[in-house]
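*Asks:* Chains A and B, in that order, are what the protein sequence lines are.
So for the first sequence, the numbering used here puts the first residue at 1; every next one is plus one.
So for the second sequence, the numbering used here puts the first residue at 1001; every next one is plus one.
There may be inaccurate statements among the hints.
[Claimed, not checked] If the Cβ cut is set under 10 Å, some of the chain A residues that face chain B in the computed set are:
#	residue
1	MET1
2	VAL5
3	SER125
4	ARG127
5	CYS129
6	GLU137
7	VAL203
8	SER204
9	ILE205
10	MET208
11	ILE273
12	ASP275
13	THR356
[Unchecked claim] Each pair of labels, with its calculated beta carbon distance range:
#	chain 1	residue 1	chain 2	residue 2	range
14	A	GLU366	B	GLY1133	36 to 44 Å
15	B	ALA1196	A	GLU366	33 to 41 Å
16	B	ALA1196	A	VAL384	35 to 43 Å
17	A	ARG283	B	GLN1182	45 to 53 Å
18	A	LEU2	B	ALA1089	26 to 34 Å
19	B	GLY1133	A	GLY323	51 to 59 Å
20	A	VAL388	B	THR1044	28 to 36 Å
21	A	VAL384	B	ALA1089	27 to 35 Å
22	B	GLU1029	A	PRO189	51 to 59 Å
For the record, the hints were derived by calculation from the structure and aren't laboratory data.
Ideal Cβ placement from N, Cα and C applies to all residues, glycine included.
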Amino acid sequence: MLKQVEGSAAVAEAVALCRPEVICAYPISPQTHIVEALGRMVAAGTLTPCEFINVESEFAAMSVAIGASAAGARAYTATASQGLLFMAEAVYNAAGLGLPIVMTVANRAIGAPINIWNDHTDALSQRDCGWIQLFAEDNQEALDLHIQAFRLAEELSIPVMVCMDGFILTHAYERVDVPTQQQVDAYLPRYEPRQVLDPADPVSIGAMVGPDAFMEVRYLAHAKQRRTLELIPAWADEFRRVFGRDSGGLTHSYQIEDAETVVVALGSVLGTIKDTVDEMRARGVKIGVLGITCFRPWPTAAVRAALSGAARVVVLEKSLAVGLGGIISNNVAASWTGSSDLVHTVVAGLGGRAITKQSLHRVFGEAVAGSLEPLTFLDLDVDVVERVLAREREQRRSGPIAETILRELGVAATKIV
Amino acid sequence: MMFQVRIHGRGGQGVVTAAELLSVAAFREGRHAQAFPSFGSERTGAPVVAFCRIDDKPIRLREPVMAPDALIIQDPTLLHQVDVFAGLAPDGYILINTTRSFDELGLGELAAGRGADHLCTVPATEMAMRLVGRPVPNAALLGGFAALSGRISIDSVHAAIREKFPAKIAEANVAAAIEAWQYVTDEQREASRAQAG
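Chain A on its own, in the form it takes in the complex (with noise of 0.2 Å):
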C-alpha cells in the first residue's frame, strides 16, 4: 500500500511486520521516532505477542538483545552514533555469538564535537565487529532492507545492521509501498534459531575459547560472511519476486556501461549524485555511478566488475579515517585491478554539511579533466582552517578548537543551510 510517511514511520512498519518478539529500545536522535513508534504498537496490541523493553543505556539494549536471541527470540533494537559506540562490547559479542540480531543505525556523527547531524562514522566504526552491514538509498529500500535483514540474520545466523542516514531519511516524508502482512509472512519463515537456551536441551552460550580454538571461531565467522556475498543476490531476487521492486543485493550500478569516470558511494548522498551524473551526461560526460548496499561482507567482486571499464574512480564518502584519509575508498582500492592513484577520495557531508549538487558538479568535473587531488574535503572552509592554524603557531594556548571555529564563524543560526 502506498503511503507518504516519515522514514521513521515505514521502517516501523516494516519491523513490525517482521513479528519482533522483543524490541529493547533507548532514545538516541535521530533513530528516536522508530523505536517509539514500535512502542505504540505494542501499547495499542497491534504488534503482539512483542515486548517492549525500555532499557537503561544502549549497553543494556544490545545486551537484552542478546539474551533475547539467545532464548529464540526474534530480536531487534535501533541506535545511533554515541550509542552505537556505548553498546560496542555488545555489538562484537552478537556476533561472535552468531546471534541474529536486527538493528537500524540511523547514522549520526561521532563526538567530540559533539554534532547530531548525519554521516557515516558511527556505522563504520563498527566495520570489522563481524555484523553484515547494509546501507539504504531512500526509505523504500530501508524499510525492505528490514525485510531482508532479519531473513538474512536467521539464516545465517549473524547479526544484521541496517544503515540509513540520520535525518535525511529518518526525518524525510516521502512515499514508500508498504507491502502486506501476507507477503512479508511469504518472504520470511519463523524464526527457527542454529542454537538456543532450552531448558528442555541445555547449552551453555558464550564459552571461553583459548588459542587452540579462537582462530578458527574466527575464521569461520569470517568464511561465513564471504560465503553470505553469494546468497544476497540471491534474496534480493526472491525479494523481487515475491514484492515486485529491486532491493538490496551488493550494490546499485547506474549509467555505468560506457562510464570513464566512476561515483562511488553509499546510502541517501546517491541520489543526489545520480541527479548531477545525468546532468553531466546530458552534457556528454561519461561518468557513472556505483552504489554500495552492502558495506560488510565486502563486495569486493561485484566492485572489481563494475569499475572494470572505469579510468577513474571518485570515491564520496561520509566517513574519514583520521590520519589516513577514506574509508570506504581504501576498500575500492583493493578491489580495483586498476592503479590506486586514479581511486580519489571526496570526504563530504561530515556533520551533516549539506552536499549539494553545485559542489558534486565541481569536484566531478575536476576528477574528469585529471585536476582532482587524491585526498579533498568537499567545501572545506580553507580560509578558518588557516587562521585557526596560524593562532596555533602564534600563541601556546591556542584553546580549544571546536569553539575557536565557531567564534571565528559567527552566530550560524541564522544561516539557511
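Assemble the complex: chain A is given as a structure, and chain B must be docked to it using the hints.
*Replies:* Using the frame of chain A, we list chain B on its own:
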C-alpha cells in the same frame, strides 16, 4: 518540473508539520513529494526551516532547497533575522503570515519587482487563534498557499490535515485553511482587478 517550497518559521509554529502536510497533500494528488526539516536545533522560538519538493517523478535529490519556487514565511519577524528570500526564483511565490502589507513590512520594493499575483500576506495567526485556539498558523497558511500557487487543491490540504490530526483539532485547522484560502483568493482577485483597471 520539480516544484520546491521552503517554509520559514520559529520552533513551535508547526513548520515541519506544514512541510509534511504539503507533501501528503501532493501525494494524495498522485504526485511524488519529499518533505524534510533543516535539522537545526529545534528549540521553541528559534528559526526553523523545512522543505517540500513536489514532482511527477520520483525525487532523488537530497540537498536543502536553495532555489525555491515558493516561500511560506510563518513569522514576519524572521525578515530581519534570516535571509529568507535567498535563492527565490524570479517568478517565485511569496506567502507571509502577517496582518500587514508588503509595503508596511518594508518589502514594497521587493514586491514591486514581482508580479502581484505571486505575492500575498495573510493574517494566519489571527485565524488560527480564532478558529483553532492556538497561535499555530501552518494549516491556514497551507490553505493560503493552495489559493496563491494553485499547485495543490484545497481539498487535498483538507485531506492531509484530517489524516494528521484527531477529528476535533483537524476540523478546526480545516476551518482555518478554508478561511485563509478564501482570504487569499479574494486578495488575488482584487489585485488582478487593480492591475487590469
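*Asks:* Holds or violated: the hint that THR356/A contacts chain B, with Cβ atoms closer than 10 Å.
*Replies:* 5 Å, holds
*Asks:* Regarding the hint that ASP275/A lies at the interface with chain B, is the smallest CB-CB distance below 10 Å?
*Replies:* Since the shortest Cβ distance to chain B is 5 Å, the answer is holds.
*Asks:* Using the nearest Cβ pair, does MET1/A come within less than 10 Å of chain B?
*Replies:* 12 Å, violated
*Asks:* Just to be careful: measuring from the Cβ of ILE205/A to every Cβ in chain B, is the smallest value less than 10 Å?
*Replies:* 41 Å, violated
*Asks:* Is the hint on SER204/A kept, meaning its closest Cβ partner in chain B is under 10 Å away?
*Replies:* Result: violated, 46 Å to nearest chain B Cβ.
*Asks:* Would you say the C-beta atoms of ALA1196/B and GLU366/A sit inside 33 to 41 Å of each other?
*Replies:* 53 Å, violated
*Asks:* Starting from the hint 45 to 53 Å, judge whether the C-beta atoms of ARG283/A and GLN1182/B obey it.
*Replies:* 47 Å, holds
*Asks:* Could you check the hint for me, namely that LEU2/A and ALA1089/B are 26 to 34 Å apart, CB to CB?
*Replies:* Roughly 30 Å apart at Cβ, these two residues keep to the hinted range, so it holds.
*Asks:* Under the criterion of a CB-CB separation shorter than 10 Å, is ILE273/A in contact with chain B as hinted?
*Replies:* 9 Å, holds
*Asks:* Is 51 to 59 Å right for how far apart the beta carbons of GLU1029/B and PRO189/A are?
*Replies:* Hint violated: Cβ distance 39 Å, outside 51 to 59 Å.
*Asks:* I want to verify a distance hint. Is the separation of the beta carbons of GLU366/A and GLY1133/B within 36 to 44 Å?
*Replies:* The hint (36 to 44 Å, Cβ to Cβ) is violated, given that GLU366/A and GLY1133/B are roughly 56 Å apart.
*Asks:* Using 10 Å as the Cβ threshold, decide whether CYS129/A counts as touching chain B.
*Replies:* 28 Å, violated
Against the hints set out earlier in the document, violations occur for numbers 1, 3, 4, 5, 7, 8, 9, 10, 14, 15, 16 and 22.
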